[in-house]
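Asker: Here the structure of chain A is known, so what remains is to put chain B in place on it, guided by the hints.
Sequence order for the protein chains is A and B.
Those letters in the first sequence? Residues 301 to 614, per the numbering used here, in order.
Those letters in the second sequence? Residues 38 to 361, per the numbering used here, in order.
Rather than coming from a laboratory, the hints here were simulated on the basis of the structure.
Note that the structure is a prediction, hence the values are computed from the model and not measured.
Don't take each hint at face value.
Which chain B residues face chain A? A few, computed with CB under 8 Å, are given here [said to hold, decoys possible]: (1) A104; (2) D203; (3) L284.
One side only, chain A facing chain B, incomplete, derived with CB under 7 Å [said to hold, decoys possible]: (4) G401; (5) I412; (6) G415; (7) S419; (8) H612.
Virtual Cβ for every residue (Gly too), placed ideally from N, Cα, C.
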Amino acid sequence: MYEDMVLIRRFEEGAAEAYADGLIGGFMHLYIGQEAVATGAITALNHDDYALGTYRVHAHALVRGSSPRSLMAELYGRATGCCKGKGGSMHFFDAEKYFMGGYGIVGGHLPIAAGLGLSMQMQGNDRVVMAFLGDGASNQGVFHESLNMAKLWDLPVVFVCENNFYGIGTDVRNSSAFNEIHKKAQGYGIPGHVVNGMDVLAVREACEEMVRHVRQGSGPVLIEARCYRYGGHSMTDAGKYRSVAEAELWKKRDPIPRLAKSMLEAGIVDQERLDQIAEKANATVIDAMMYAEESPVPDASSLYDDVYVENHGA
Amino acid sequence: MPEIRYFEAVQRALAEEMTRDERVYVLGEDVGLVGGTFRATEGLMAEFGARRVRDTPIAEAAIIGMAMGSAMSGLRPVAELMTLNFGIVAMDQIINHVSKARYMFGGQVSLPMVIRAAVGGGTQKSAQHSHSVESWFVNTPGIRVIVPSTPYDLVGLLKTSVRSEDPILFLEHEGLYGSRGEIPEEEYLLPFGVAEVKRPGRDVTIVAWSKMVHEALKAAEILSREGIEAEVIDPRTLDPLDIDTILGSVARTRRAVIAEEGWRNVGMGAELSSRIQEHLFYELEAPVQRVAAADVPTPYAKNLEKLALPDAQRVVDAVLKITL
Numbered sequence: 301m302y303e304d305m306v307l308i309r310r311f312e313e314g315a316a317e318a319y320a321d322g323l324i325g326g327f328m329h330l331y332i333g334q335e336a337v338a339t340g341a342i343t344a345l346n347h348d349d350y351a352l353g354t355y356r357v358h359a360h361a362l363v364r365g366s367s368p369r370s371l372m373a374e375l376y377g378r379a380t381g382c383c384k385g386k387g388g389s390m391h392f393f394d395a396e397k398y399f400m401g402g403y404g405i406v407g408g409h410l411p412i413a414a415g416l417g418l419s420m421q422m423q424g425n426d427r428v429v430m431a432f433l434g435d436g437a438s439n440q441g442v443f444h445e446s447l448n449m450a451k452l453w454d455l456p457v458v459f460v461c462e463n464n465f466y467g468i469g470t471d472v473r474n475s476s477a478f479n480e481i482h483k484k485a486q487g488y489g490i491p492g493h494v495v496n497g498m499d500v501l502a503v504r505e506a507c508e509e510m511v512r513h514v515r516q517g518s519g520p521v522l523i524e525a526r527c528y529r530y531g532g533h534s535m536t537d538a539g540k541y542r543s544v545a546e547a548e549l550w551k552k553r554d555p556i557p558r559l560a561k562s563m564l565e566a567g568i569v570d571q572e573r574l575d576q577i578a579e580k581a582n583a584t585v586i587d588a589m590m591y592a593e594e595s596p597v598p599d600a601s602s603l604y605d606d607v608y609v610e611n612h613g614a
Numbered sequence: 038m039p040e041i042r043y044f045e046a047v048q049r050a051l052a053e054e055m056t057r058d059e060r061v062y063v064l065g066e067d068v069g070l071v072g073g074t075f076r077a078t079e080g081l082m083a084e085f086g087a088r089r090v091r092d093t094p095i096a097e098a099a100i101i102g103m104a105m106g107s108a109m110s111g112l113r114p115v116a117e118l119m120t121l122n123f124g125i126v127a128m129d130q131i132i133n134h135v136s137k138a139r140y141m142f143g144g145q146v147s148l149p150m151v152i153r154a155a156v157g158g159g160t161q162k163s164a165q166h167s168h169s170v171e172s173w174f175v176n177t178p179g180i181r182v183i184v185p186s187t188p189y190d191l192v193g194l195l196k197t198s199v200r201s202e203d204p205i206l207f208l209e210h211e212g213l214y215g216s217r218g219e220i221p222e223e224e225y226l227l228p229f230g231v232a233e234v235k236r237p238g239r240d241v242t243i244v245a246w247s248k249m250v251h252e253a254l255k256a257a258e259i260l261s262r263e264g265i266e267a268e269v270i271d272p273r274t275l276d277p278l279d280i281d282t283i284l285g286s287v288a289r290t291r292r293a294v295i296a297e298e299g300w301r302n303v304g305m306g307a308e309l310s311s312r313i314q315e316h317l318f319y320e321l322e323a324p325v326q327r328v329a330a331a332d333v334p335t336p337y338a339k340n341l342e343k344l345a346l347p348d349a350q351r352v353v354d355a356v357l358k359i360t361l
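Bound-form chain B, shown alone:
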């Protein structure tokens, strides 16, 4: 199978979907001529023209609102927010409008639209450019939240997202754009709500997504040398969430660690931890552990940033805490 990079996976998925369906179009800041800040839409304007790959002003609320209006009336927009930091500028559109329209209007309208945005820290971009706030959106009914960790997952999930009748928030990790992975040459799609066991194991279940999957896999390698076999599960989509696969794994291993890059306080890890305890309280050998970002705005200084963000060693430490 050929190997491609994560940003090329975006290009491939969008090009395939735009070829398949005339109604799909892309809009966002620098998506056309520049080809995207992370090169994710490179080549699309040359292939599909400026009508279907639309450079917008720096106006995030308008980008999302316009995507919504066009999705209500026959088109299938893929809006890029560059990074989710700027998506916060468009929070009203995402939360008050996009996620609520279908329900509030009694099911009369559907919004087949995708909002793509980069998330994540780790490259000294400081507080306003280092967010992993997926839990905000998982907390909101009406919008699906997709968090691919590999080029393979990205292609399959982005294509499914473009074809979905529901609004999708598709979160790509900035630190993964250069990462490589194999994908088949033939077309494929991946379903929502199906987690993947990225590594099987018997002693502890580590649930991780996006970039933390790779940290969890590194942690599992380290632990393996200590004789601890960790099972690493990537939910791949946080909403819908494949809780059955997670619970099935924890029921076997009887220990769980949740590893996320988002803030710890009231985060996705807290939700997963709670769900595991609701269902498996008597099967657990130890309290569920959470590895997450420190509850501070992400600092600039390299040493402080490293302290603030979780990594493989933190995951190892958390596992050791409940397996020794």
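The following block holds chain A by itself, in its conformation from the complex:
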């Protein structure tokens, strides 16, 4: 998990540099600060459970095991990207890893997650679906429709709400009439739990327990992980709606040194090993960036590919 978190951070730092250099276009939403949530939650899944996320989805794909090369190439808009350069930052997808995508419409993926859950239930297997969402999504109609149906049919879905307290630039207190999001789930008879999203061990422990519960057929759960993104909503947002003091306070709770410290204290690792992990992540990201840069752009002939499976001679 430590390696995952370090890789996520290096990957996004590399992506941010490339974005600043104009090598990556469009919207790009960084996850720096929230690493403990995706890492703790996704590592609680089996390899063939489904996971899907929002538009802030780099970390989730990385923890799921997607190749950093194919993800970086996707950011660069290259043919070797995970979506052949058609999806970009917000739409990472990796069918082989059962990673069912990032979606650019807030909350829009929640019924899709419920549908994956329905599919698992109807096919009679015990696989679960983990759907990430932000605090802002809990104000969307589809959040309520999806929770209602997931509970109505007791579907195997773990909703993981990454509450970073801001829906783009609006404080959750100004956007949610009732802002204890885990209790919104309880309104549908769904167990809702709150966890410290800056503590990867706490997230992992809570998710393991909830995944087990869901896998047994007890219906959906919602975990609210309280966390913080250090940057703005996206690369084009400086995040000036937040105070410096607030951001500094959260940075003191950084999940990466936190885990390093507890591992060092427990004698599980030494500083040398931690340095090696950082170096390895760095090398992986540099390799991914070089790979992306050297990869070809999509061929013009691919413009019309993959709209449909069946062409009907058109």
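Answerer: Only chain B this time, still in chain A's reference frame:
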């Protein structure tokens, strides 16, 4: 050949496909116990059980999103939206998610799903229940749009839709559910992208679909008495569109009228008219005519509704305008 009604055609097609393929299931509002607002899914729950014929809450976005999630992971859902008016509530799911997923994810996923919905006006249901907005979806790449006008076409096209690997919007006209038509007893399928000449003629080509096919055929009867022989073509599927059959006909008749129930402004008729002119400008004897709904929200009062929606007489008038 036995005669069945349009709503029974839905029942037959779905029952055959559900029997053939275990992965096919139906979900939607009142589709199970009630058997569908238009009786289109009547009998399915009794035959296939509540696991495969699922009554949902009134939650259109969730119905479509869940169909999508299940289509991505091994099932073949047929989602009913009752009427397309409620489909507008699910527009985000249909347009932003269903139609884009395959492309946006680099072809890694296909969505073998059907969205069924009733369309159309003419029964004084007023503005929010009288839509023929197929052009919105034809305007969107990534989703096929099917508009059957007869029970025969409905069975053959719905079965093809259920078997398609692509997402399908299957639009049934409310005013046709009680209409009758012959279909063979043995199983059959109809291909997408193949128009049918519903009536041959030499003087003018009328392109019409869904309920307007029947208005166009009535118009052709009236015109025939005046000595004008109209060819009526039903594309049956608007996406994919069999433009070759339409152009071939207009190349012969050299006159074209497009008859649709949707709004005129930037509608399907505008697209077809443009395509005909792109290809046949020098062969045309007269400008392409469009018969469509008035660009107003459909009114309730019977006389106003009649003024707003196109009918056979409007088609006759349009033809006469370019043939006299």
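Asker: Mind checking the CB of H612(A) against every CB in chain B and telling me if the closest is under 7 Å?
Answerer: 4 Å, holds
Asker: Double-check S419(A) for me: the hint is only fine if its C-beta lies closer than 7 Å to a C-beta in chain B.
Answerer: 4 Å, holds
Asker: Taking the closest Cβ pair, is L284(B) under 8 Å from chain A?
Answerer: With Cβ-Cβ at 15 Å, over 8 Å, it is violated.
Asker: Tell me if A104(B) is really an interface residue toward chain A, meaning its C-beta lies closer than 8 Å to one of theirs.
Answerer: With a minimum Cβ separation of about 6 Å from chain A (threshold 8 Å), the hint on A104(B) holds.
Asker: Quick check on the hint: G415(A) CB to chain B CB, less than 7 Å?
Answerer: 2 Å, holds
Asker: Given I412(A) as an interface hint, is its Cβ closer than 7 Å to any Cβ of chain B?
Answerer: 4 Å, holds
Asker: So, D203(B) near chain A? Judge it on the closest CB pair being under 8 Å.
Answerer: D203(B) check passes; min Cβ-Cβ to chain A is 5 Å, inside 8 Å.
Asker: Any CB of chain B closer than 7 Å to the CB of G401(A)?
Answerer: Holds: closest Cβ of chain B sits about 6 Å from G401(A), inside 7 Å.
In the structure shown, a violation is registered for the earlier hint numbered 3 alone.
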